[in-house]
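For the record, the sequence lines run as chains G and L.
Read in numbering that gives the first Met the number 0, the first sequence has 322 at position 323, and its numbers run on one by one without any break.
Read in numbering that gives the first Met the number 0, the second sequence has 534 at position 535, and its numbers run on one by one without any break.
Please note that the accuracy of each hint is not assured.
Claimed, not checked - Over 12 Å on every C-beta distance to chain L, these chain G residues come out as not near it, computed from the model:
1) Gln-35
2) Ser-110
3) Ala-139
What the hints assert, rightly or not - Derived list of chain G stretches under chain L, where covered just means 3 residues or more per stretch with a C-beta under 8 Å from a C-beta of chain L:
4) 199-210
5) 216-223
The set of hints was computed from the structure by calculation and includes no laboratory data.
The beta-carbon is built from N, C-alpha and C at its ideal position, and this holds for glycine as well.
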Amino acid sequence: MSQNRTAIKARKLRTLALCITTLAAASAATAQPYQQDGRIGYVLTERHWAIHETEAKTECPQGMNSRGSRDLFAEQFPEGGDGERTVVDTRLMIEGYQYHTNTATTDIYDSLPFYEAQGDVSYGLNLDGEVSADDFKNSAGEEGIDNQLYRALGCIAGYRKDGPYWFFENDFMINNGYNRWMIELSGVDDLVNDDEVTVTTYRGLDKLFTDATGEGFIAGGTQRVDARWGQSFVEEVKGRIKDGVLTTEPITQAKIPWSQPGVSDGYHIFKDLQLQLTLTSQVAQGLMAGYVDVEQFNHRFRTNWSSHHQNYGQSASASEYAALKRLADAYPDPETGANTAISGAVEVTLTQVYIVHPDE
Amino acid sequence: MGRSIQMFEQCFSSAFRPIAKGVKSAMGLLALCALVACSPPDPEPESAGTHALTKLITAEQYSNSLSYIFGPGIDAQVQFAPVARNEGLLANSLATAGVSGGQVQTIQSVASSVAKQVVDVENRQHLVACRPESIDGPDNACATQFVSKVGRLLFRRALSDDEIATYVEYASAAALELDGKESEDEELDGFYAGLQVVLEGLLLHPEVLFIMESAEPDPNNSEQLRLDAYSLASRLSFFLWNASPDDELLAAAESGDLQSPGGVERAVDRMLESPRLVDGMRAFFDDMLIFDEFKTLSKDPTIYPQFTSVTAQDAREQTLRTIIDHTLNQGKDYRDLFTSRSTYMSPALAILYGVPAQPGWTPYTFTDDSPRAGLLTQVSFLALTSHPGRSSVTLRGMALRERLLCQTVPEPPPGIDFSVVTNPDADYPTQRLRVAAHLETPSCAGCHRITDLIGLSLEQFDGAGGYRLTENGATIDATGALDGIEFDGAIGLGEALSQNPELPRCLVRRVYSYATGGPPESDARLALNYFNEEFAAQGYQLRNLLRTIALSNAFSLIKTSPSEE
């Protein structure tokens, strides 16, 4: 509970600080040459899985999933906690479910109900260019929105606003240098309308600069490109800017750093990754969407998140894995035909930085 | 003859430096001044010197001295109560500052900590040069060695045999008393516990906390006094290094070499070549530029979100690094500090400057089309001379006059209505329009005419030092004037300031005050003129100015008359 209050307060402060920063920075915008030689860089300063939430939780009419440790223990041992338990019957069994399940699409906790998000509204992009039965429409009424990840995760408390994943994945992104991800736009003639720009993704090396309140981020910082260990995060794609909105072509496969502190394998793989960002000289804000590799999502989840986060996030990795497999909608395995990736979207805010390359 | 030609060339070239576009100047008059100024300087005029003073050591001097004696690994950070600034410098007030009972307690806790660290098991092997026969009790021979060595460096003079015997006796008694006793869960070793007690007492001694200057008859003039050798060593050391004399300087004082022919020249030249000169000059410019105000500087985070505590810290550091590099490392003309585009950059500062930066501190040169050049366009000057939420043309103009030209801007008369300046009014979107009232009101105009025209030329920099072209949607007019020279913007102001004859004269006055511990009295006029001429003749190089002053009679002679104070 106190965790939630802290998260709410932090979010409010962050939002306030961002508003203040944007307003203040806007007044000085004319004087700062943020765009130099047709290049402008942005570093990721906020990200959350795009979960469409309503105040009345109409998207979860059956309620929220209850798969914290206590729920799972009660399910596993309905007779209660008395009596001796063996390691094999308890810890090893749970770990087996978590890390070595071969159950394919079967949820090991399938005796518990798993609630998917309902309705036809979601954030996201039309990744396949089609409008199909499972697609959503966005708040602007655009149809064909692909975001099955939202269907899988939308009724799990941990992913909703102020939940542990919502809060900590962002917090660890800010504070863990491994996660410094940035984009550089080059060939920019006009930040409002430009038919062709090049977008390159990099991993950065430097800390983020917070403002005087300590909550918001300020434009004008510097990030060095991680040319040594960051090569696998480098991708290049064409894009266009129309009415201040950048839309990129799909990146065939992009690796996005997404680690908890000190935990390896902390990244996600997006296939057909697209960016749709509203640009100013100081902030790029919008969506990052693509097909998320299910195996890597699961591997990352199980190796990056502790059981206590899963507990108060009311989630169970085995159940999520099963849901992701069940709802996966792209990249079928050539042998089994089962889809290996699931459409998803991330709400992102990037703040302008000067990107310094190794040869500069 | 060779020196005269060299000086003439130096002076001629500096007098005819390129003048910025937009700066109106009478070249003929300048040339005439240059010719007059470039005449070979006269020898130092007769001087009565200054008064021998008893000055409170500053916290930084105390820490620097302990760092020299015991090494930088000893934590000796101490805060003293602030002193009032007098004629531009805190250093001018140290002779009238005292130590309250509360301060003594603070210093005692530091002294206690330092003494404990020195005799700690991990440090005693290298900080206590001798080994006692037994650590469980007194060892007068080793204690004598320690007390005489450390006491000499702390007191800035050799201790007498009686003094040493007294302290050794204290150490012996404490060793017997404390051996085997427990302190903070540790069993004390008698010998080192005794040294600790004595060292703590030494660190609190009035002769350590106060710099007490003594005079002696000048052998060259029986009616004149001069600093005695130890006092001269201390005055030199605190002036140039901001710390007490090192072993070599004390040895020169003890042997008589310091005051023998050529002795002080040798000592001063060694000190000027030492890397410790950087510490001394950082302290001087920190004082002259009133950088102690950084301790309390704050900006409204809703208006200047990019100005953080790190920004403030780095702004101070940037200017000090720029000055040290320009004046000492590069040996360049002091006046060019106000036009130079070379500086240092840190990542936090780079945000305000709107430029990329590498990690740490790196040399940085503003491009030729940058609106920034010189100290006046650095964040330190711009932010310190602004209000928390807005710039101030008056504060900036006043700061330039008082800090850099040594002029005095009178306090405003009582009962002034500031609302027209502070109240945001859509009819007056810019500072220029708001402060126009200053210049239209006779009771204000007298003073504001000498400040606001300077500050208005810096209006393209906001209260945090960030660059801007507009204010409340209106284009900023950055025209201004300094003592009859008109210009447009900060670059022009820097050029005009660099050519203002009062700029180097002010530095000379401040350096001499700082060196001698008080504002120059009226009879110092001839000495100041001499320093000014030498400074000009030697290309306005700081190191040369320091040398001239340190070697002058005005620095080392002591007045026989009572202080004018």
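Okay, the hints, checked on the actual structure:
no.	hint	in the structure
1	Gln-35	9 Å, violated
2	Ser-110	52 Å, holds
3	Ala-139	31 Å, holds
4	199-210	holds (count 4)
5	216-223	holds (count 6)
Consistency note: the structure conflicts with earlier hint 1 alone.
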